[in-house]
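Top line first, the protein sequences correspond to chains A and B. Residues 1 to 247 in my numbering are what the first sequence spells out, letter by letter. Residues 1 to 247 in my numbering are what the second sequence spells out, letter by letter.
Calculated directly from the structure, the hints in this document are not laboratory data. Predicted model, so just to flag it, every value in this text is computed and none were measured. Mixed in with the good hints, there may be bad ones.
Since copy identity is lost for identical chains, a pair holds within one copy or between any two.
Unchecked claim - Heads up, simulated DSS-like pairs for lysine-lysine below, C-alpha to C-alpha not over 25 Å straight-line:
id: 1; residue 1: 105; residue 2: 31
id: 2; residue 1: 105; residue 2: 4
id: 3; residue 1: 81; residue 2: 8
id: 4; residue 1: 81; residue 2: 17
id: 5; residue 1: 31; residue 2: 4
id: 6; residue 1: 105; residue 2: 17
id: 7; residue 1: 8; residue 2: 105
id: 8; residue 1: 6; residue 2: 105
id: 9; residue 1: 105; residue 2: 81
2 protein chains.
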Amino acid sequence: MISKIKLKELAAYRLQKRCDEEAVFVVEGPKMAAEAIASGASIRTVCATREWMLANGEWRMASGEFYEVSQTELERLSGQKNPNQVWMLVERRMENGKQRAEDGKLVLALDHIQDPGNMGTLMRTADWFGVRHIVCSHDTVGCFNPKVVQATMGAIFRTWVEYVDLPQWLASCGMPVYGASLHGEPLKADNKLHRQGVLLIGNESRGISPEAMAAVTHPVLIPNLGGTAESLNASVAAGILIYELMR
Amino acid sequence: MISKIKLKELAAYRLQKRCDEEAVFVVEGPKMAAEAIASGASIRTVCATREWMLANGEWRMASGEFYEVSQTELERLSGQKNPNQVWMLVERRMENGKQRAEDGKLVLALDHIQDPGNMGTLMRTADWFGVRHIVCSHDTVGCFNPKVVQATMGAIFRTWVEYVDLPQWLASCGMPVYGASLHGEPLKADNKLHRQGVLLIGNESRGISPEAMAAVTHPVLIPNLGGTAESLNASVAAGILIYELMR
């Protein structure tokens, strides 16, 4: 059971500003809740239906609040169209993420990625290939945006996402910077890329900004074999380039 | 100017059923409108703001209706949150698509893809690599769904999408069938794949169905280098596999 006052208090976390102020983020649905638990994240509050509680009875919160809610109450908390069983408030704990970042491996750099679905998919793809460190321009969508969190499919708990002055960061990182560009070199076995370096992906419409492009040491191109399409989706392009860089 | 009666008549095409009955689809925004015009598609109706008409003054409709509309009227027609300048009703003309399909090249097969954004991105990725023929299970989202159309970024005009009994089609296609599977062989230079064949991508949650999997001759795997993520996004996985098959 949850009181009306408590429900109202928690519903306020639908506002991103409120989450930012307290350095928490919202996690929803059984899949993401299981990822949060498995990651050892610090879970502040759980609101769940009886269905979820029965299926997850073996799990006891070490700390934090727990409330059983009805479907209607869950809808009040959730920003989703069809909220699914469980809603959690999780601490951001960026420092833990920093400890997980590995030096000398591929870093993914994002220049003004706008779409939350793309951002989450980029994090998910990086996670798949073991790329744990993601550096973003300040105008890239926030990684704790609820739509981003859901699209990561758990990668939010395993990647370290930093927001920086990107052109400056790239210029001083001391690593080769591979930038996806229409004027780059096609990826081929004979210009094999290195594992150590930065892969830079640009905005969905405008690509890499001129300021960030100035720091690119290796412009790379995915061959446009069809010859008719203007571009690839940013997460698909990143997936192909990470695959090529890591293989 | 558009009459209230005409506006009401056209607003009915927000219903997918109405579009299906008349074999038309809705195209929105200047980018997609330009693609429709460039493709030579048969455009039945155009509703556009003065802004779009002024910027596209050189273009005259060979046939079809043309209406100038206000932003409010455009919002009435559109299924989008922020409709942008132009709304079009375009004939499906599947036969033209069929003529564009090329025998003997890579075919993309989709088994129960549900998300319209994924579907559109899959079509866009195929288009980039020159894969023009896409074969879908009947339970895959319709390629003329407005969200799919927008996510294709124009590929809707350049790809031939068929809906079939997929397990039967795969079993009788006479080509090698590469299926993305967790039990496949990693893609490597030494097990180089062929250009001619079918690449099969499964449902976002459940992967390839057992019925379709029975027709897979070459199960393939994208190495999970991170070791923590459960899966890749369906369009990202397809992008990497098409890239590998076509290179």
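Going through the earlier hints one by one, which of them does the structure break, listed in rising order? Checked against the structure, the hints that fail are numbers 1, 2, 5, 6, 7, 8 and 9, while the rest are satisfied.
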